[in-house]
Amino acid sequence: MKKFFLSLVVIISGLFFTFSGCNKGGGNEIIIGEFASLTGPNATFGISSTNGLKLAVEELNGSGGLLGKQIKLITYDNQGKPSESQTVVQRLIKNDNVVAVIGEVASSNSKAGAPICQQNKIPMVTPASTNPEVTAIGDYIFRVCFIDPFQATVLTKFAINSLKVKRVAVLKDVKNAYSTGLADFFEKEFKAAGGEIIEVQSYSAGDKDFKAQLTAIKSRNPEAIFIPGYYTDVGLIAIQAREIGITVPLFGGDGWESEKLTEGKAKDALEGCFFSTHVSTENPDPAIQNFISKYKAKYNSMPDAMSFLAYDAGMILFDAMKRAGTTDPEKVRNELAKTKDYSGVTGKISINEQRNAIKPAVILEIKGGQFKYKETVAP
Amino acid sequence: MTEFIQQVFNGLSLGSIYALIALGYTMIYGILRFINFAHGDVFMIGAFSGYYLGIMFAFSSGGGGTSLALAILILLGAMAISGLLGFTIEKLAYKPLRKSPKLTILITAIGVSLFLEYSGQLIFGADPKSFPSLLENKPLINLSGAVIGSNPVVVLITAGLLMLGLRMIVMKTKIGTAMRAVSYNPTAASLMGININAVISFTFIIGSSLAGAAGILYGLNYPSIDPLMGILPGLKAFVAAVLGGIGNIPGAALGGMIIGLLETFVTGYISPTYRDAIAFGILILLLLFKPTGLLGKKETEKV
Chain P
1 MKKFFLSLVV IISGLFFTFS GCNKGGGNEI IIGEFASLTG PNATFGISST
51 NGLKLAVEEL NGSGGLLGKQ IKLITYDNQG KPSESQTVVQ RLIKNDNVVA
101 VIGEVASSNS KAGAPICQQN KIPMVTPAST NPEVTAIGDY IFRVCFIDPF
151 QATVLTKFAI NSLKVKRVAV LKDVKNAYST GLADFFEKEF KAAGGEIIEV
201 QSYSAGDKDF KAQLTAIKSR NPEAIFIPGY YTDVGLIAIQ AREIGITVPL
251 FGGDGWESEK LTEGKAKDAL EGCFFSTHVS TENPDPAIQN FISKYKAKYN
301 SMPDAMSFLA YDAGMILFDA MKRAGTTDPE KVRNELAKTK DYSGVTGKIS
351 INEQRNAIKP AVILEIKGGQ FKYKETVAP
Chain U
1 MTEFIQQVFN GLSLGSIYAL IALGYTMIYG ILRFINFAHG DVFMIGAFSG
51 YYLGIMFAFS SGGGGTSLAL AILILLGAMA ISGLLGFTIE KLAYKPLRKS
101 PKLTILITAI GVSLFLEYSG QLIFGADPKS FPSLLENKPL INLSGAVIGS
151 NPVVVLITAG LLMLGLRMIV MKTKIGTAMR AVSYNPTAAS LMGININAVI
201 SFTFIIGSSL AGAAGILYGL NYPSIDPLMG ILPGLKAFVA AVLGGIGNIP
251 GAALGGMIIG LLETFVTGYI SPTYRDAIAF GILILLLLFK PTGLLGKKET
301 EKV
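Those sequence lines, one after another, are chains P and U. To convert, note that position 68 of the first sequence is 68 in the working numbering; the numbers rise steadily by one, no gaps. To convert, note that position 249 of the second sequence is 249 in the working numbering; the numbers rise steadily by one, no gaps.
For the record, the hints were derived by calculation from the structure and aren't laboratory data. Because the structure is a prediction, the values reported are computed rather than measured. Any given hint might turn out to be false.
Quick look at which bits of chain U chain P covers, simulated, 3 or more residues with Cβ under 8 Å [said to hold, decoys possible]:
| id | region |
| --- | --- |
| 1 | 7-19 |
| 2 | 241-250 |
Some but not every residue of chain P turned toward chain U, in silico, with C-beta under 10 Å [what the hints assert, rightly or not]:
| id | residue |
| --- | --- |
| 3 | Q70 |
| 4 | G80 |
| 5 | S83 |
| 6 | I198 |
| 7 | G206 |
| 8 | A216 |
| 9 | S219 |
| 10 | G235 |
| 11 | E263 |
Quick reminder that beta carbons are idealized off the backbone N, C-alpha and C, glycines included.
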């Protein structure tokens with residue numbers, strides 16, 4: 001038996017060395033890692049962001065690369081799970097020797113991957129995780145999007161001034177850091193602005209039956225329902241809300257952003273509902289329209305906010321490397337922290353002391369399954 | 001009061017789906033004395049059969065369709081596919097092990113379950129699909145604010161009809177009598193000239209096709225399906241079968257309804273976080289006082 005274990009150890013360590021040896025060379029390459037939910041319930045988050053990031057990498061490689069080298073992007077699927085995120089980030093850093101990590105969209109997954117980047121002192125840039133705790137994990141963690149307290153302020157202003165509602169019910173996902181965080185910030189802001197939160201109900205991601213919660217909400221007669229969840233659940237919630245006779249508008253945050261949100265019956269159920277997000281594809285800004293046409297030419301589909309943000313996340317990382325003149329993680333981190341007024345496709349990006357980006361948010365309205373621009377709220 | 005009526009309806013339509021799945025568990029247990037853990041995944045395959053049949057019959061994914069005849073055709077198609085799957089699983093995985101210890105066949109069932117789940121992810125993709133709306137959901141009853149749509153009613157009626165049909169088969173037909181005989185004593189039944197293999201196959205076909213029907217009804221009510229959707233409803237239906245008295249057909253139906261109602265009430269009135277904890281806690285209490293389940297008797301006639 002002892003012999004068996006010994007040989008097992010030898011085999012495993014042998015494998016380890018073989019794999020870890022693979023990517024060490026890379027003299028002409030800069031290896032960047034990405035973790036994303038390419039499969040699983042929130043797959044469009046990962047697919048859109050990976051597509052956006054790939055576009056950034058290709059563009060840079062096409063124009064001569066970075067520091068005289070080509071960029072190689074390694075993307076691993078985390079199936080949308082925090083546990084899997086830890087595994088793949090570990091693998092990116094230990095086996096693939098990446099010099100920087102990009103990811104994730106979902107805050108729960110970013111929070112799982114970030115501590116590993118921090119421990120290994122590898123800079124990580126998240127494109128779209130809005131939960132404030134993500135960048136609080138350490139000084140190597142950055143983001144190129146706004147944070148949820150700001151998003152809550154935007155939604156509060158919108159609910160009170162444009163929707164003109166005072167009595168709002170909340171339905172949040174208790175398993176999801178983004179959802180509970182945004183719900184808490186919104187409740188605080190909305191009450192401070194003179195509104196009333198009349199009912200708070202919750203669900204767990206993956207639930208299919210929301211009728212019990214919605215029935216409880218309906219009995220309190222809210223003027224609108226705030227659902228800070230992800231698109232897969234939101235679509236089902238909307239369908240079931242309409243089925244039991246709830247007619248008031250529903251609204252939510254950037255977790256709604258996906259072309260799959262209005263798939264099937266959800267298209268009618270979400271008619272006239274609103275959400276806040278990072279960018280509107282209807283914006284005539286040439287930077288945005290230019291990105292859309294490039295994206296469409298390559299992928300034959302429309303980009304969403306996650307594609308824009310991932311493109312910017314890649315670009316500010318490459319920009320920091322250019323300024324640092326090296327891929328040394330510490331120097332790149334210092335340059336990332338100094339990012340100021342970088343013109344990205346999602347607007348001007350400046351990184352503040354908390355390593356967050358200060359940017360405006362847009363409100364979109366769902367009309368006939370399309371996301372129509374409603375208003376912009378500046379920070 | 002309005003809220004209460006609506007919650008009862010929510011619970012019944014969820015419960016009737018659990019009941020349909022529970023029937024398969026209980027029938028197979030009645031015949032073979034073993035828990036077919038792959039049953040929840042047969043339910044998933046039923047839903048996906050409905051999804052692909054729906055697309056084939058020109059329902060756009062999630063789009064509207066209103067032809068009742070087509071909906072029934074799709075229901076029957078999905079039942080046939082699931083029945084065939086159940087038959088195949090039994091022939092390939094369980095039959096060669098019939099003489100082995102019960103634990104071996106139980107582990108095999110878990111293996112089959114994982115096989116179906118992950119081949120499902122490979123073939124259908126892991127992301128949730130939007131189930132085609134086979135029937136338009138119209139508000140049917142409006143009781144002072146409690147809106148009851150047509151889909152939950154369709155689910156209830158279909159489930160009721162299927163259970164009635166099953167009752168007819170088991171009580172009134174020759175094969176039903178054979179099933180009851182095998183359940184009562186397989187050795188004696190085979191001595192009386194009953195083809196045990198045929199009876200077991202038939203039981204798997206019927207049980208699995210009911211799970212397939214449950215898959216369609218689930219998709220109709222909660223139109224988002226994915227390859228792992230069978231795990232939790234399967235587990236809950238299993239508990240429903242135990243609650244009603246495993247091996248007892250009306251017991252499974254009753255157990256399903258009770259679980260559906262319990263879940264809905266706990267979610268609606270107490271807390272969704274504790275939904276499963278409280279619902280299953282009550283079950284533990286119930287089973288402490290009545291270990292054979294609600295309708296299970298020490299020497300009941302089992303199928």
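Hint check against the structure, violated hint numbers in rising order: 2, 3, 5, 6
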